[in-house]
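*Asks:* Model the full structure from these sequences, guided by the hints.
Chains as they are written, first to last, in this note's numbering: chain D, 6 to 364; chain F, -19 to 313.
Misleading hints may appear alongside valid ones.
To be verified - Coverage of chain F stretches by chain D, computed from C-beta distances (three or more under 8 Å per stretch; other residues unrestricted):
no., stretch
1, 135 to 143
2, 194 to 204
3, 268 to 282
Stated by the list, open to error - If the Cβ cut is set under 8 Å, some of the chain D residues that face chain F in the computed set are:
no., residue
4, Leu123
5, Trp139
6, His140
7, Ala239
Calculated directly from the structure, the hints in this document are not laboratory data.
C-beta: ideal position from N, C-alpha, C; glycine also.
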Amino acid sequence: MENTNREHVLSIRDLSITFKTGAGPVNAIRGVNIDLYKGETLAVVGESGSGKSVTFKAAMGILASNSIVNSGSITYTYHHNDGSPATVDLLKMKTKEIRRHINGKRIAMIFQDPMTSLDPTMPIGKQIMEGMIWHYKTPKKEAWKKAVHLLEEVGIDEPEKRMRQYPHQLSGGMRQRVVIAIALACDPDLLICDEPTTALDVTIQAKILELIKRVQAERGISVIYITHDLGVVAKVADFVNVMYAGKIVETGTIDEIFYDPRHPYTWGLLSAMPDLDTDDDRLYTIPGSPPNLLHPVTGDAFAPRNKYALNIDERLEPPMFKVSETHYAATWLLDERAPKVEMPAELRARIQRMTKEAN
Amino acid sequence: MKNYILKRVLISVFTLLVITLVLFCLLQLMPGSPFNDEKLTDDQRTVLYEKYGLDDPIPVQFVRYVANMVQGDFGVSYNISKNTPISQLIQSRLPISIQVGGMAVALGAVVGLLLGVIAALNHNTILDSICTAISVLGVSVPSYVFALGLSYVFGFRLKLFPMLYSANEAFMSSVLPSVALSMFTMASIARFTRNEMMEVLGSEFMLLAESKGVTGAPLILRHALRNAMIPIITVLAPLIVDLMTGSLVVEKIFSIPGVGSLLVTAIQSNDYNVVISLSFIYSAMYIGIMLVVDILYGIIDPRIRVTGEGGRPGFFARWRRVWFGNKKKGAKA
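*Replies:* Right, dumping it as structure tokens:
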């Protein structure tokens, strides 16, 4: 799996996180492995509550206070100013250390809802400059100049005027651009986008994605998208991790996931995408709902919703089966003893149509 | 902004006029007269009525009173200290009440804010429970109980502070009454600060600020407290006036020559001019503080910056929302 030319940026191993709640402990993350390499784009896809945000909040050190990290590591590799590499385990660092050395400076995060993620009582400019002044003691004048420049970079016109405005004076799309400008303020080398377009309307979505893509290309940074929208994934990602009930169930390149999905859950997700070229006028939904992680999961967490479930799914959790060097899926269907099961015919037809269109 | 303030001032003047009229009418409804002395004959009483113009029709009296008031003449006292101009009577007492009340407000607001922030930052821990216990105690125990307790412990036993107010030791002798008076303010502010801070701390912009790397006091002061401030100020403003205008019981316990006791005596003895003047001053203070608060809202939160146009929730709407919640009347905030 390791390619010598690819440089590790983030590597999450066996991450397990529990939340203490009034009803009891909730095992939100149950052994997650994720790899991200320099300059690449990774998407983590899953339903609400599958733990995709929590995973990366752990990397940012902004987990809710009732969370416990049970095990695992999040190793992050970066370069000092002189070019020498350094590797740290973010889970072993103190919050204070993460704030001082990582947050904003090396890893920045873009949040879902730009209506709520900007401080309503602080002018835009001040919010952009805050990070630079905080981390690098940048003189105010210089910070101002850089912030104006950043606003230009994210495509906001009249940046000088906007600097003095407050969030409520801007539209949703503009605010998300500001959030991106804030994220870029200290030149991070990893950008985590938590559902960056979910709260925006469709016409703005594409523009924001293009903006992030452009910024990524210009700066050569790595980007992680956390999303439930496979449309977004298709537009931006190099690699996809499908997450279900606190576990990665399938991982692969974008082509492998979209054209050769192996996990029944991925089949379900792909089938649930709206499609204009189908004769069927109903939109497929995956039956049932995700398991309540208050209760321990035995076997495959997806089994109760899976019409292809085998007997063993009830008892034993499937390991990650290797499909190719980059493609792995956690389903017993890939075991050699398992009966041959094909993906649903409708999905197969759709994929064939898409392949034809692509060629 | 200028237009807005001008408009507000004009409305305030009108409001004060209405308040004076209502007070005037209400006082006429009180039983008895300022000259209730048994020894007075009917003739003497008539002479007194004539002397002070109390035999004129009410509208005439009202117009005359307002005309005098505009010139700064609030009339004289009939009873409490005969023929002393009200302004003189109040002048000697109001500063004392304001000093004691001001100290109480400062103490209550600062300690309340501190307790609230500490509780919110350490919520669901022992510290939070302690802060909550203090605020429940402060809200539910009347201030005179604190006054008696403080006076016994710190005045009588430990002899750290004088037990009674004296003008020579104005500061030291107003410490105990201020502390007693501040308890309710402190408790309410602590409670609201905690609730508001909890809400703000859970908001996404705090996560964004944290993911910028900002920590510690700048994070709390710059982002959290400022956003929590609006409801806190809404609660604090009327409490300020309450404290400034003195409390009868606490004034009695520490024998403070403040306006609280003056008002009660005046009402009991039908000393019309004293009652009207004091009520007028209270009202003016309320209205003035509300205006200041409305301007403060705009400074703290740009979203409610004053434009001079309608459609902006004013002090009362906000006050009701803070104490009684957003939707249902009577629901706890």
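*Asks:* Taking the hints in turn, state whether each one holds.
*Replies:* Against the structure, the hints come out as follows:
Coverage of the stretch 135 to 143 of chain F by chain D is violated in this model, with 0 residues showing a Cβ closer than 8 Å to a Cβ of that chain against a need of three. Beta-carbon proximity to chain D at under 8 Å applies to 5 residues in the stretch 194 to 204 of chain F; the threshold of 3 is reached and the given coverage holds. A count of 3 residues in the stretch 268 to 282 of chain F with a Cβ less than 8 Å from any Cβ of chain D is obtained; the coverage claim is therefore met, three being the minimum. For Leu123 of chain D, the suggested interface contact is upheld, since its CB lies about 6 Å from the closest CB of chain F, less than 8 Å.
Because the closest C-beta pair between Trp139 of chain D and chain F is about 6 Å apart, less than 8 Å, the hint holds. Annotation: interface hint on His140 of chain D holds; nearest CB of chain F at approximately 6 Å, less than 8 Å. The interface hint given for Ala239 of chain D is broken, as the beta carbon of that residue sits about 27 Å from the closest beta carbon of chain F, more than 8 Å.
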